[in-house]
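Student: Once you've looked at the hints, dock chain B against the given chain A.
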Amino acid sequence: MMRTRTILAKFAALAPLLAALLLGTCWVQAQATKKLPYIYTQWKNFGVADGLPSDHIFSVKADGDRVWIGTEGGLAMYNKKTGKMKSWTTKDGLPWPAITGIDIDKSTGDVWLALFGGGIARFSGGRFDHYHQLNSGLVNDVVYGIAVEHDNIWAATTAGASRYNKVSGEWTIFTEKNAPMEEIWNYNVSYNGAGTVYLAVWGSGVLEYKISDGSWKEYLDPDGEMEIDLYRDDGIVQVITTAVAPAGDGFFVSTYFGASRYDGRHWRGYYNLDSGVPSDFINSVKARSTDEAWFSTDKGLGVLTDFDSNTWVSYRMDPKTHHGKATVYKDREVLEEVETETGIPHNYVIYAELDGNDVWIATSKGLSWGKGSDYYPRLRDRGVVSGNLAAALPAAAKGGE
Amino acid sequence: MSLRVSTIGLVAAVVALSIPAVQAAVRPVYIGSRACAQCHEGAEMGRQYAKWMSTKHAKAWATLSMKESAEISRISGLREPPQKSPVCLGCHAVASDTEAWERDDLFHIEDGVQCEACHGPGSEYANQLTMRDKVAAAKAGLRMPNERFCMVCHIEKGSHTAVLKSEKFEYRKYLAQIEHSITAYGSNSGGPPEPKLVGPEKARRLIGSLACGKCHEPAEKGAQYSVWRMGPHAQAWSILSSNKGREMARQAGVPGEPGESPKCLACHSPGALLPAAETYIPDEGVGCEACHGAGSDYAPEAIMKDRKAAVAAGLQMPKLEGCNHCHLNAHGRPFDAQSAFAKIAHPAKTTQPYAQPRYLNPLRLAERPGARELFVTFEAAGSVGVVDIATRKKVAEIPTGTAPTGIAFSPDGRFAYVSNREDDTVSVINAAARKVIGSVKTGGEPHGLLTDKDGKLLYVANTMSGDIYVYNTQNWERVRVLSASRGPWSMALSPDGGSLLVTNTYSRFTEFRKPRVAEVTVIDTSRSTVEDRTVVPGANLMMGVAWHPSGEFALTVLNRTKNLVPMTQLTQGWTITNALAILWKDGTVDELLLDEPNLGFADATDVTFTRDGKHALMTSSGTNRIAVVDTAKLLAVVKRATPEERAKVLPNHLGKSAEFVQTYLKTGASPRGVVTSADGKLAFVANSLDDTLSVFDLAKMQPAGIVDLGGPKEVTVTRRGERVFHNADITFRKQFACHSCHPDGHVDGLTYDVESVGIGISPVDNRTLRGILDTAPFKWAGTNPTLSRQCGPRLSVFFTRLLPFTADDLKALDLYVTTIQRPPNRYRPLWAPLTPAQRRGKEVFERTRKGNGQEIPEDGRCVSCHPPPYYTDRQLHDVGTKQSFDKEDKLDVPHLKNIYDSAPYLHNGMAHSLEEIWTVYNPYDQHGVTNDLTKDQLNDLIEYLKTL
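For the record, the sequence lines run as chains A and B. With my numbering as the guide, the letters of the first sequence map in order to residues 1 to 401. With my numbering as the guide, the letters of the second sequence map in order to residues 1 to 948.
To be clear, the hints were calculated from the coordinates, so they are not data collected in a lab. Heads up, some of the hints might be wrong.
Pairs of lysine to aspartate or glutamate, DMTMM-like flavour, derived with a Cα cap of 25 Å [to be verified]:
1) Lys91(A) - Glu644(B)
2) Lys935(B) - Asp213(A)
3) Lys177(A) - Asp932(B)
4) Lys80(A) - Asp532(B)
5) Lys106(A) - Asp452(B)
6) Lys441(B) - Asp213(A)
7) Lys935(B) - Asp141(A)
8) Lys106(A) - Asp532(B)
9) Lys177(A) - Glu916(B)
10) Lys84(A) - Glu531(B)
11) Lys81(A) - Asp524(B)
12) Lys935(B) - Asp151(A)
13) Lys177(A) - Glu855(B)
14) Lys80(A) - Asp586(B)
15) Lys456(B) - Asp151(A)
16) Lys935(B) - Glu170(A)
17) Lys319(B) - Asp336(B)
18) Lys80(A) - Asp524(B)
19) Lys106(A) - Glu531(B)
20) Lys84(A) - Asp532(B)
21) Lys435(B) - Asp708(B)
On a predicted model such as this, the values are computed, not experimentally measured, just so you know.
Chain A on its own, in the form it takes in the complex:
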């Protein structure tokens, strides 16, 4: 339930306005409308008290009604239909507690886990199968990310990428020996569902693997500078990449020094100084489309909601009040600020999962479920919401409908 700080502090002063709303008066509509993005205002947070094995959340994966949550202390599954949380720790057969990545094999329903220090695991029908560097062909046990591609399971590890074919049982390792990997520290792996696997590699930018012919293509920072980015839109802003989010014919890529968007032809770089991304230290990125990408940073969540207009929404938690704050930016100009009683639980955001219109945000202090029942993509004409009115806005007004 969304409420404004003002509502909490000055309920009495708000009474006339509420009365007006009850009478059907729409004060907002009286304001000048602008093209504005959707703002998530309904957040439900989860922590250890809600059944999570740990409140250090590393990964989330939605699979229909089931949402799989990887934490520092184990695996959890939240059932959206029943509202129940179930968890597994090493006592329950989970091979390793820290789960840094999750992907679902859509054809079998099996859950694949990246275990930070423990290899990878398959969770199937209640059984954990453990693959690590001693009992299998996995190149290294420090696994950051995992992705299912057809019959293959890809794992991003500190010593290269591994690919396991679950049908043939063959393990293939990709390192500097057989891929353009200047460094082998793989931070993430993702599959675009259309024949291309992307690796985000510390120091090697983005590596693109074409399944059809086994060819590689590398995307590096053209200016070759590690400390500065001479030309923002010439390529990846930095080669120390943390994740790739496929989108359309290209992708978004996050780095510890900003982010980039690539549409297959053109590049666009993003920094905190000229966009709504809360920080240049970006842990991961997920894309809903070529227009919308969610960047998880050490200072909050930044969402590029409309590429053409460079409109962003940042979501942060006020450390003093623990209330949420959403800020709409166009470039660096603030268009709107909305405060919510509940927001993301911590500003150190590690991962964002897009679940239909909903989002799941993994932070270093809990998990947050952003409900987007009235979500709309890109921008719409609607009135600017001032902070103390947001709680009262009906959905239609927020959506400009």
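Tutor: Chain B only, in chain A's frame:
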């Protein structure tokens, strides 16, 4: 000598001019003995090539065409003809395990065990510059074989001894026979001779016998090339270089070397004096064309199929006069052309191997919906029999793939689906037309299969690959690969169609010396995904499964093997007890023994319910019975028990079966599958080892006849052995058979505490019986030199606990065990090229240097202890795996054939995967030098190992 200037010469010249190749990165290739002969044939070189030509080594490949070879192959459990078998070719030829790119065009496998068999592939050292520097030659790959090397092939082989009655190979004695030092032959020629052409150039040219052999070699054409190759004509040229040949030439007044004398060559290598194509090599002696005329014009297949055209093109049929021309009174000897002609007869008809009856081995059966017909898989015959239920006659037999095992029907009865265990396929049969209309590729070793309720999806359990394939039966697209456990085996669909149970025959891997647990994989058919994995504690070899008509529970049969206690432990049923498990629909399990206190129910194999659910029928393939279980009494026993009794007492209680088994009914030999007829009146049991079906009247619960499926009535020694293998009569209380630990001749995946070395000491991993005849000695300690000893006295003392087999039974058992075949390799189809990873792995397997260039001691190389063709040197080695409770440090080197399907590994099964052998249990490089390998190299090595 008069080798023509040919491609060989050009190659030799190029090689001679090239820089000696000593770079480690260069991969040498095989160039063939004739390339060696360029330098090693001259008199100054001791006529080494000709000497080799006259040895058995040169005929080694050709001998594989003999019917004795076929018999050796059969009793060795090899499935390919000897000249196509990697195992046979491993010792009867050179470079048989190489890919095409590793062999020069002039290399011919038909040359048998040629120079490079002993001296290594020659491309890098076969030039004069290198060969004159022994160090350089060695660096370039020249190998000087020693006794250990030779004995890899010449070590006694049970198969060869049995068939050929050959004497023991004495290395020193036979080494003398192939002695070919340079100094052993006086030099008198002054260098290689120039090619000589005698007579007018003719239009027709010789093409060489090898070219003829391309068409005239197949066994079905009488293996004519091999027959010639083994005969004296093929040695006619090389004999000229022998001391005897030289002496005879001297007596005949021939000056110099007979091999260079036109007079001698006219009869010993007539082609040497005639026009020839490049393919012709005079060293072939008296080849095909010596009698049949130069083949350049008639050799094309199209011409040879037209006799008149062939004759017109120069094909001649030899006449006795032609033979007399050379043989009559040659060297003062008389000659009977008629009898000599008969001796070299080489008719173009099949060489008949020892004939073997074709048994059927019915395994599983199913009634075709809507038709009163049973379809029965015939595992040994590769077919499916159709039995008319009314007449109880076999009315049809439909050829399928190899080793058909499971069978299921589409719900409408139009199609039968048959899993072919050794082809990795499912045959789709038009049931009415009795015809296979197609097949689909499955995972490894498919067993059970079933459709969902409406027949839209077909589920196939792949035992070897441990997964379940799901096919759309409309387009045969594989829509799912579901992870099972180890050895998914049988399937049962719940009455409502919502849940499919899949038994897994092997236990999951558990910690070393911890109790095993088997899994029933539960599939939600609405989503075709794994819904649950029911754990059955203490179970192994879980096989048949059937749902009760109520849908409340299912029954499965299994072994409860007490492998963790010494085999002296007799309490509650000794080493292997046989049980059923009740699989409740809520995922809980009850287990009860089917054994009686003094009579085991060995190898419980399959189960079915009567249509009313009042009884369950279970087969015991080890005791030739079915048990009729009263379902109500069974449930009553369970419900009376406390939770603790259900968990701990019932699974081990020998007295309980008397409370729920209504009766036992006798079957034929080794009953496997059991079904009840759709009308609920009859039950049918497939008796796999007498090729019959037993029929039972379910109302009376009595036998109601036998269906003869038409197998041979003759009981061969092998068949007798097969029955002994599958029968529990020999064991104390008939608790188990050989088959109990070696299902399908393979392994049960368990480690046993055999007290021969002391209780609790030296637990040993079970080893496969597939294709092991020539891998003696047996046991991990290598203490049993023969299978007879392994299956005879040792079995009696430590396993069966009764009098040993009779001599005849033991002989039969041994023969049967040796014929158990390995399935085709799943990772490399026969003679298929290696994948890049496999190819890299082979280099690791054969490497002699570490990554840093340091030489690996011979004993630290994979290939030293695991040489082809079986990949074992059959010796004992200490690989550093001895544990505190082990007695022996030196262990028998296991063969590596199909190593991928016999996990766990190492002598006590402590390595669950191939990787662990080196990542965990080889810390000091005692099990091969491997610790310098990078992870990707180790992966490559494993990919290669899986191809062996």
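Student: Which of the stated hints cannot be reconciled with the structure, identified by number in ascending sequence?
Tutor: none
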